[in-house]
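K.L.:
Take a look at the letters that make up each chain.
Number of protein chains: 2
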Amino acid sequence: MNKKYQTIISTDAEKSGLVANWETLQRIFIRPENEASRIALVKYMEQILFGLHDFLQKHVGITREAGLRQLSDRFKNSAIGKHPEKKLADVIQGIIEDIAPHAVNVASPYFIGHMTSAIPFFMVHLATIVSALNQNVVKLETSKIVSVLERQVLAKIHRIIYDFSEDFYDFHIQRPESTLGSFVEDGTLANLTALWVARNRCFPPGPGFEGVEAEGVAAAFRAHQVDRCVILVSRLGHYSLEKACGVLGIGNGNIIPVDIDADNRMDIGALKREIAVIRNQSPGVKILAVVGIAGTTETGTVDPLGEIADVCRTHGVHFHVDAAWGGPVRLSDKYRTLLNGVEKADSVTIDGHKQFYMPMSCGMVYFKDPQAMDSVAYHAAYIARPGSVDLGIRSLVGSRSAVSLILGSAIEIMGRKGYALLIDHGIETAAAFAELIKRRPLFELVTPPELNILTYRIFPGPLKQEWRSTGLEKRKQLTRKLNHINITVQRMQREAGNSFVSRTTLRRSGADDIVVLRSVIMNPLTNMAVLTDILNEQEYLYHRLPET
Amino acid sequence: MNKKYQTIISTDAEKSGLVANWETLQRIFIRPENEASRIALVKYMEQILFGLHDFLQKHVGITREAGLRQLSDRFKNSAIGKHPEKKLADVIQGIIEDIAPHAVNVASPYFIGHMTSAIPFFMVHLATIVSALNQNVVKLETSKIVSVLERQVLAKIHRIIYDFSEDFYDFHIQRPESTLGSFVEDGTLANLTALWVARNRCFPPGPGFEGVEAEGVAAAFRAHQVDRCVILVSRLGHYSLEKACGVLGIGNGNIIPVDIDADNRMDIGALKREIAVIRNQSPGVKILAVVGIAGTTETGTVDPLGEIADVCRTHGVHFHVDAAWGGPVRLSDKYRTLLNGVEKADSVTIDGHKQFYMPMSCGMVYFKDPQAMDSVAYHAAYIARPGSVDLGIRSLVGSRSAVSLILGSAIEIMGRKGYALLIDHGIETAAAFAELIKRRPLFELVTPPELNILTYRIFPGPLKQEWRSTGLEKRKQLTRKLNHINITVQRMQREAGNSFVSRTTLRRSGADDIVVLRSVIMNPLTNMAVLTDILNEQEYLYHRLPET
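Going down the list, the sequences are from chains A and B.
For the working numbering, count along the first sequence from 1 and bump the result up by 248.
For the working numbering, count along the second sequence from 1 and bump the result up by 248.
A hint or two may mislead.
Note: identical chains are not told apart, hence a pair may lie in one copy or across any two.
No farther apart than 30 Å at their CA atoms in a straight line, the calculated lysine-lysine pairs in the DSS-like style are these [unchecked claim]:
no. : residue 1 : residue 2
1   : Lys520    : Lys616
2   : Lys592    : Lys324
3   : Lys582    : Lys335
4   : Lys330    : Lys616
5   : Lys729    : Lys334
6   : Lys616    : Lys534
7   : Lys330    : Lys582
8   : Lys335    : Lys291
9   : Lys582    : Lys334
10  : Lys330    : Lys722
11  : Lys334    : Lys291
12  : Lys712    : Lys686
In short, the hints are calculated from the structure, not lab data.
Use the sequences and the hints to build the structure in full.
P.N.:
This is the structure:
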């Protein structure tokens with residue numbers, strides 16, 4: 249039996265000179281006994297903490313796609329060597345020297361293109377703790393106190409949204425039968441979980457029918473005499489909602505886009521009309537949910553949540569709010585009212601890796617009714633037995649890490665006020681940026697910021713004049729020209745690698761699609777000087793465009 | 249505008265004495281400029297690396313549920329303080345002193361109850377790198393080279409499973425239009441992704457029908473003239489398969505459990521009979537997929553994959569293999585043949601946090617056909633535009649972290665041989681443990697290990713004699729008594745906190761449910777001395793049971 253424990257000396261160790269043997273292998277699983285090993289392991293952490301950071305300081309780092317293709321030629325070997333190719337030290341050095349310089353410096357104040365930003369330094373420590381503890385919160389037997397802690401963190405965030413009474417939280421916070429929310433990988437899966445619950449509550453078991461979860465969508469439609477099932481969301485809804493409907497067997501074509509008003513919010517009149525049409529003219533169509541957005545991905549706008557909630561209550565429809573982006577605004581005393589009505593939602597999505605400034609990735613979904621997730625409960629013989637406190641009973645995912653430890657600790661370190669300062673900075677800097685854009689003749693502010701996201705575009709003065717004095721056909725031509733200019737300048741800026749603003753295409757009913765530049769202000773180091781630099785660079789690049 | 253940048257001094261700072269202010273806040277986002285701060289941040293990492301470990305050394309750490317309930321009283325505050333409650337140093341100290349001692353020491357060699365184990369030390373460093381870089385691999389603009397690297401890692405693991413030609417990998421590895429696999433949070437979501445793809449390929453678009461993803465399951469059934477859709481899997485299938493069918497709108501009741509043979513593998517005869525019955529007697533029933541298991545959760549057995557593949561090919565049915573546990577066995581030259589036939593699967597699930605020894609959590613799904621995931625592609629206006637190389641186009645999840653960097657680096661550090669040594673140790677130690685159990689009169693080996701999982705139970709000699717000489721009714725009574733004994737001893741051992749073996753209930757058609765003790769041997773420090781200790785403790789506890 250013990251023969252295999254003998255050191256295996258390979259005679260054909262590859263060029264690395266490293267061999268895998270049992271003794272070395274065992275050593276990497278135990279706490280290093282000698283001081284030299286301990287020092288080495290700490291030194292590696294120092295390199296990770298500061299080495300990576302130093303490299304990333306230099307540029308934003310989104311270079312040409314052609315350059316990327318060349319780079320990708322270095323990653324075409326699909327073979328795994330028999331023996332080790334590298335030691336940890338070499339891996340770290342390789343990542344610092346070869347990977348980090350070609351990664352994207354999302355931490356740069358000049359990176360204002362996506363909902364990814366710098367994170368506080370302590371987040372890396374907290375994430376390291378989670379890996380070192382390596383608990384699996386699917387069940388108590390692999391997490392114990394960490395499951396208890398997760399329930400506390402869920403209650404804290406639930407309270408930010410719903411602000412129920414102290415008694416409510418005292419009762420539910422550690423009650424195994426209550427589920428205030430659930431951690432999942434990201435907002436996409438949070439939205440999926442919310443609509444999964446909504447679907448199951450829409451098609452509950454009844455006489456001769458065991459429920460949609462057991463019998464499937466087709467049987468549910470038959471049992472409930474439904475032909476089709478729809479979800480209403482503004483035209484600015486995130487594509488994850490479509491994906492959720494696709495996955496859940498509802499069909500992504502059954503998302504009904506509701507028109508938006510001039511401020512990019514769901515038009516309540518349009519919502520009511522859509523519902524009236526369905527109710528009056530399509531008896532076989534069931535409305536599964538209405539989704540409101542608190543911080544649309546493209547424009548950062550917030551739907552009129554309170555009004556949507558009232559409509560949903562009138563019609564007895566599940567009201568989900570996608571607050572993946574905007575949720576933490578509730579922590580700001582100054583701006584929390586922007587999300588008024590979110591507390592009326594049946595379910596709410598929030599992302600931890602967005603405005604809670606956590607490392608990738610952490611999605612969360614919350615439910616007003618602590619029994620809502622009973623409709624998606626699963627048990628097994630070896631874990632998650634009925635009555636147990638295993639968090640995996642009501643969860644889309646099975647095995648998962650204890651990211652609640654990161655969020656819970658971050659809340660303690662930041663306090664409400666710390667997060668509020670970040671939120672306020674983003675909203676106020678975006679407002680000031682909008683003013684700056686309006687003052688510069690080359691640009692046009694397209695969607696003013698409600699939170700901390702705005703869109704604008706290059707729209708040179710002469711073309712603005714032309715626009716005003718011309719007809720529909722010519723305007724179409726002008727739009728195409730402007731789109732081309734903005735696509736080109738955005739790409740040039742991205743490829744130069746000094747700063748990054750993203751672009752998207754805004755679609756409005758009855759108007760041509762327009763390409764806009766999109767900026768997301770969440771990095772506390774992004775200030776007006778940085779934003780001025782970014783506009784200056786765009787202006788400089790515009791003037792270098794060949795005449796079209 | 250700049251007024252808000254002024255330091256905000258709160259007069260009502262809470263008892264912590266900490267206040268959130270803008271200057272401090274900005275500082276935590278930037279690389280520390282002075283040596284003292286750098287030293288402090290490194291010191292915290294040292295505490296995390298070794299402080300946590302020291303505490304965890306002391307016990308396995310699964311105590312009484314009553315004890316847990318008392319503990320949970322400390323986690324009932326749901327309020328978030330206005331000002332910071334703790335500094336990072338306090339948080340780390342708190343976790344080391346108050347959380348870690350009540351967490352579960354999954355790293356202990358005496359923790360052999362679940363598929364969670366010690367991880368090599370370097371994994372914590374790799375996970376820290378991922379957090380420090382904080383790339384979001386949903387799109388190239390927030391990950392760049394890391395997306396390229398992920399494609400390489402996917403190809404390497406794909407090759408472990410399918411072992412296609414060098415040319416195949418050269419062509420597909422970096423080709424944006426090809427998808428060899430996808431990272432998701434865990435095996436549950438990997439199984440879900442596989443069945444999502446299978447569902448969509450089963451109900452493709454056709455004349456007057458846009459496909460199940462667009463129109464939903466009910467419309468798909470109408471278009472394809474199907475009444476019901478089923479998935480066949482052995483009785484030992486993981487509960488995530490049921491959950492996947494529930495989520496996908498197929499209905500978890502439409503999983504047809506296939507009988508197992510005496511070795512706990514899917515009975516091929518039974519599979520063929522089930523299919524024949526469906527094909528001959530139920531014209532409206534469509535078989536969506538057959539799932540084979542490579543390492544069942546409860547007994548670690550491997551279904552006859554090659555034979556199942558042949559049956560699936562005959563009937564044109566999607567063949568999915570849940571190799572969440574067993575996949576890495578392909579890295580062992582000695583035991584790789586145990587998984588023969590996996591290369592015939594249309595899709596395969598593998599977990600990184602299981603036998604790749606990664607930190608929680610990393611699920612993966614692989615497809616034989618690099619075009620299979622086209623059936624689940626999604627685009628948006630601001631990312632994942634058609635033709636882009638964004639990995640988020642074909643993925644269940646949206647934003648996610650670059651765990652491929654951990655796995656890719658781990659493979660380089662371990663080599664095939666390193667992983668093979670771990671796999672071989674687990675399989676051979678489990679075999680030796682089985683022999684040990686057979687030699688001890690108090691125990692009965694229930695399911696011998698095929699890989700590194702086995703089940704056994706306490707079955708005292710006198711009761712064995714009684715069993716042999718008695719009839720059916722008395723045997724039922726004896727089974728109940730044995731179940732009670734095993735439940736009690738497992739709980740006592742868990743609560744004592746020295747070691748942990750899990751328990752499950754095995755269900756066999758035509759026989760009573762029996763409660764068994766389940767052990768999973770994956771920690772390289774779990775040796776025969778440890779396993780002997782564990783049996784000795786169980787024997788000791790058994791003799792302390794009150795007479796029943």
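K.L.:
How would you label the pair Lys334, Lys291 (within, between, both, or neither) given a Cα cut-off of 30 Å?
P.N.:
For Lys334 and Lys291, both the intra-copy (17 Å) and inter-copy (26 Å) Cα distances are at most 30 Å.
K.L.:
How would you label the pair Lys616, Lys534 (within, between, both, or neither) given a Cα cut-off of 30 Å?
P.N.:
within (22 Å within a copy, 38 Å between copies)
K.L.:
I want to check one pair: Lys330 and Lys582. Are their C-alpha atoms no more than 30 Å apart within a copy, between two copies, both, or neither?
P.N.:
Result: close only across copies, 14 Å inter versus 60 Å intra.
K.L.:
At 30 Å max between alpha carbons, let me know whether Lys335 reaches Lys291 within a copy, between copies, both or neither.
P.N.:
both (14 Å within a copy, 23 Å between copies)
K.L.:
Please sort Lys592 with Lys324 into within, between, both or neither, judging by C-alpha distance up to 30 Å.
P.N.:
between (52 Å within a copy, 24 Å between copies)
K.L.:
How would you classify Lys712 and Lys686 at a CA-CA limit of 30 Å: within, between, both, or neither?
P.N.:
Intra 13 Å, inter 88 Å, cutoff 30 Å: intra-copy only.
K.L.:
Tell me, please, which holds for Lys582 and Lys335 at an alpha-carbon limit of 30 Å: within, between, both or neither?
P.N.:
between (51 Å within a copy, 25 Å between copies)
K.L.:
Give the relationship of Lys582 and Lys334 under a CA distance limit of 30 Å: within one copy only, between copies only, both, or neither.
P.N.:
between (52 Å within a copy, 24 Å between copies)
K.L.:
When no copy is named, should Lys729 and Lys334 be tagged within, between, both, or neither for a Cα gap of at most 30 Å?
P.N.:
neither (52 Å within a copy, 55 Å between copies)
K.L.:
How would you label the pair Lys330, Lys722 (within, between, both, or neither) given a Cα cut-off of 30 Å?
P.N.:
For Lys330 and Lys722, the Cα distance exceeds 30 Å both inside one copy (65 Å) and across copies (56 Å).
K.L.:
For the identical chains here, do Lys520 and Lys616 meet the 30 Å Cα criterion within one copy, between copies, both, or neither?
P.N.:
Close inside one copy (24 Å), not across copies (47 Å); limit 30 Å.
K.L.:
Quick one: Lys330 to Lys616, C-alpha cut-off 30 Å, is that within a copy, between copies, both, or neither?
P.N.:
Result: close only across copies, 24 Å inter versus 53 Å intra.
The structure fails to meet hints 5, 10 from the earlier list, while all remaining hints are met.
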